[in-house]
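Undergrad: Below, each chain spelled out in residue letters.
Number of protein chains: 2
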Amino acid sequence: MSKQVDVAIIGAGTAGLNAFRQVKQVTSNVVLINDGPYGTTCARVGCMPSKVLIEVAKTFSRREHFDDFGIKGSENLTLDRKQVMQYMRGQRDWFVARVMDGVNQIGEKNIKGRARFVEPQVLEVNGERIQAEKIIIATGSRPIVPPEWHQFGDKVITTDDFFELDELPDSIAVIGLGAIGCELGQALARLGVKVVGVEMLSNVAGLSDPKVNKVAIEELAKSFDVWLETAAQLSETADGKIKVETNDGRSITVDKALASLGRRPNIDNMGLEVFNLDLSNGFKDLVNPHTMQLGDLPLFIAGDVGSLKPILHEVADEGTIAGYNAVQNPVQGFKRRVPLRIAFTDPQVVIVGASFAELAEQDIITGERSFVVQGRTKVMARNHGLLRVYADRQSGRLLGSEMMIPDGEYIGHFLAMAIENEMTVRDVMVTPFYHPTVLEGLDNALNAIAAQLEGGNQGPALKTMN
Amino acid sequence: MSKQVDVAIIGAGTAGLNAFRQVKQVTSNVVLINDGPYGTTCARVGCMPSKVLIEVAKTFSRREHFDDFGIKGSENLTLDRKQVMQYMRGQRDWFVARVMDGVNQIGEKNIKGRARFVEPQVLEVNGERIQAEKIIIATGSRPIVPPEWHQFGDKVITTDDFFELDELPDSIAVIGLGAIGCELGQALARLGVKVVGVEMLSNVAGLSDPKVNKVAIEELAKSFDVWLETAAQLSETADGKIKVETNDGRSITVDKALASLGRRPNIDNMGLEVFNLDLSNGFKDLVNPHTMQLGDLPLFIAGDVGSLKPILHEVADEGTIAGYNAVQNPVQGFKRRVPLRIAFTDPQVVIVGASFAELAEQDIITGERSFVVQGRTKVMARNHGLLRVYADRQSGRLLGSEMMIPDGEYIGHFLAMAIENEMTVRDVMVTPFYHPTVLEGLDNALNAIAAQLEGGNQGPALKTMN
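Respectively, the protein sequence lines represent chains E and U.
For the first sequence, the working numbering gives the first residue as 599, with consecutive numbering after it.
For the second sequence, the working numbering gives the first residue as 599, with consecutive numbering after it.
This is chain E alone, in the form it adopts within the complex (with noise of 0.2 Å):
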């Protein structure tokens, strides 16, 4: 005899934990299956230990101003690092802790063991059977590693491997440049690690407005050599380190080779047969993004594992989605948020709204600033990076922005809200900008975009009273 459930959950990561909270609310019929690490991808090897990494690098390079500043004897800081390594996992642990305290009083629901399908409605785990009236695929993603490179043992690593490290390496190749690769690759450079970046495509981060990606490998560049536009073959050297060589000649030996090619599904070996799909492309364009609802059928599908938007945010809204309508009849569509992307690299890279590439057959005016001469940036000696903003050249409504500027990430919120409410330039530039802040900087983008709007900006950038 089977278990009966209203819903079973598969995956206790972010999505799967949201999921269940959600639920929770409505039925205590449910159940939640982990096989696997408890903790979520974003505790023990995403988030967290990379942004613990990245604060101590960039307060370690900050060292370089010092002696500008009056502030005497930084030609004596060294690094450990080993403690480095130590000091991140101290940090990352806690946070793993807090994950684990809320998966701790789930109890009995929560189930350990391999959930496989056996009909679109019953998992098997453990050699019990469970019937669901609905089900919630939530198993996450892992880092892609081509199989060639699975020879290499332990000198190809991936951030399922990286933050384990007893030390710092002397050198590594992070092949791959997408944010996590930029973000990794510039702080362990700060670090001290004889770094190098391969990239396939001639864009960084993600980025895609040309100006701006030119900036960001600039600033890139300051830290490590980037390699562009090239695949990146490795093999073993005779003492055991890992070449690098590239389509256009170049090569390097380092320690080890980082693999941070972007992250796959975790669908295999679930019995997902029985629904009959054609999974070749994932999930990625079977779910409803706004239902998480899988076509029609009780099955829902939330976080990585459906590779639709691989961010904290968004994933925890799918959790929350998916609970909602697997105890819901009919299910309610959710619109998603504005978009945004961060890197959190130094200065940060910032992608909110609209892109400039999906911008390309729109009619847009771009506000544009440098933020090498600007006040804020300059009294933090921080002054790099620069601003895009589009904004639709008719109704002058702001559509979108790439930039790497520091503190980027808060001036991606405040345009995500700006988007988010079809605010208009001009309704934006009503708002304080303070005295001196990095927001004086996008003020700055925005009056050069209002400047080519009907009317211009003459006047008070203030609104009128009658």
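These are calculated hints, taken from the structure and not from any lab test.
Computed from a predicted model, the values in this text were never measured in an experiment.
Glycine included, C-beta positions come from ideal geometry on N, C-alpha and C.
Be careful, since some hints might not be right.
Taking lysine to aspartate or glutamate and the DMTMM-like style, the derived pairs with C-alpha atoms no more than 25 Å apart in a straight line are [said to hold, decoys possible]:
hint, chain 1, residue 1, chain 2, residue 2
1, U, Lys933, E, Glu1052
2, E, Lys670, U, Glu673
3, E, Lys820, E, Asp853
4, U, Lys1061, E, Glu1018
Footprint (simulated), chain U over chain E, 3 or more residues, beta carbon under 8 Å [unchecked claim]:
hint, segment
5, 648-662
6, 1019-1031
Position chain U relative to chain E; hints supplied.
TA: For chain U alone, coordinates are given in the frame of chain E:
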């Protein structure tokens, strides 16, 4: 025979320069009359030099964390107390030079000299008479120093003098803990100066929320002694130092006292008697803040001299409004920006929208978030502070916030835009909150409010689709 102009502007600070730029769009028959130093209060002795010192202090104080991070040798870092002042002045001079580039472009329309009213529309400058259709007074303000302290000569200083000191003093008493006193007191203490701060009131940095004020006092007291609710009596010691004594019996002897007691408008010896106004409270209650006109006189008041909103972006607005209306008939009223005040302490004190005190009579819900245990601030090892957000109980509309949190300046701007657009707590909650960011703490505070609103905060914090 007197010179005839359309507009005469008295004062070439931020307000006057903005007024000049605005007037010039309509008429070239305008003069800008200035007595005393050029370069703006902000760039010479205000925002800019103070922010540079604050940045150096923040950077130097960061060494407390180096050992934890694995950065070794911080015990050998020292501060060159002359060089830090030289560095600050070098930066300041750069900002002043940028202002002067603008001033120099004005050419012969820029008159150096003291303007004095001889009739409501006639000024005398350097013995010459100037008849003006409209006159804009933008003469700024100066720090308040009690007359009985003048006897102490250069032992009692203000922000007019401080940035010219050859080197940091060994010890200083900061008298008055408004925004400037808090900023400089904390920065100097972090730079190794022995600091005591004395304040008549029980609140610091203009805070009115007792909970936030308590946190702010605790944070400041980590760097220097904070003596509240007491006046300070000064006397000179035999060895030429300043003895500070309080009503409640505390005393300390210091090298310098910094009077940070606010600023008074520059309205003396200008012949303002011709207007027959009661100026016992300055222009404050006489000027229309939406037009900057004084009654129906051909007179406009802009910037610090008006004592309305002595904050740079507001002062700039006032100059622009005054300049716009000086050549406009009838005058146009402009809606002023959402109030935003920032003290660049660490963490930063921010008051945005309505303050707690201003909402005393209103039925509000308060959402609170401590930043002691918060993901991003913990990652940054800057986990301090408290955020309190106020919303209307009936409508859920955001009304204001007081906070002392890391990067509070950005949270302040974000909330200002939401308040300007009359957004509810739930409207803001649908914006993306990236992980891990300080803004997630704001989202928590908003959730705490939403939980108390009708309908609570069950289900996805997203807009539904039809």
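Undergrad: Against this structure, judge whether each hint is valid.
TA: Hint check results:
For the proposed pair Lys933/U and Glu1052/E, the alpha carbon gap of about 22 Å is at most 25 Å, so the pair holds. Distance restraint check for Lys670/E and Glu673/U: the Cα-Cα separation of roughly 11 Å lies within the 25 Å cut-off, and the hinted pair is therefore satisfied. A C-alpha spacing of about 21 Å is found between Lys820/E and Asp853/E, which places the hinted pair at or below 25 Å, so the restraint holds. The straight-line distance between the Cα atoms of Lys1061/U and Glu1018/E is roughly 11 Å, inside the 25 Å bound, and the hint therefore holds.
Check on the segment 648-662 of chain E: 7 of its residues sit with their Cβ under 8 Å from a Cβ of chain U, so the three-residue criterion for coverage holds. Proximity of the segment 1019-1031 of chain E to chain U, defined as three or more residues with a beta carbon under 8 Å from a beta carbon of that chain, is established by the 8 residues found.
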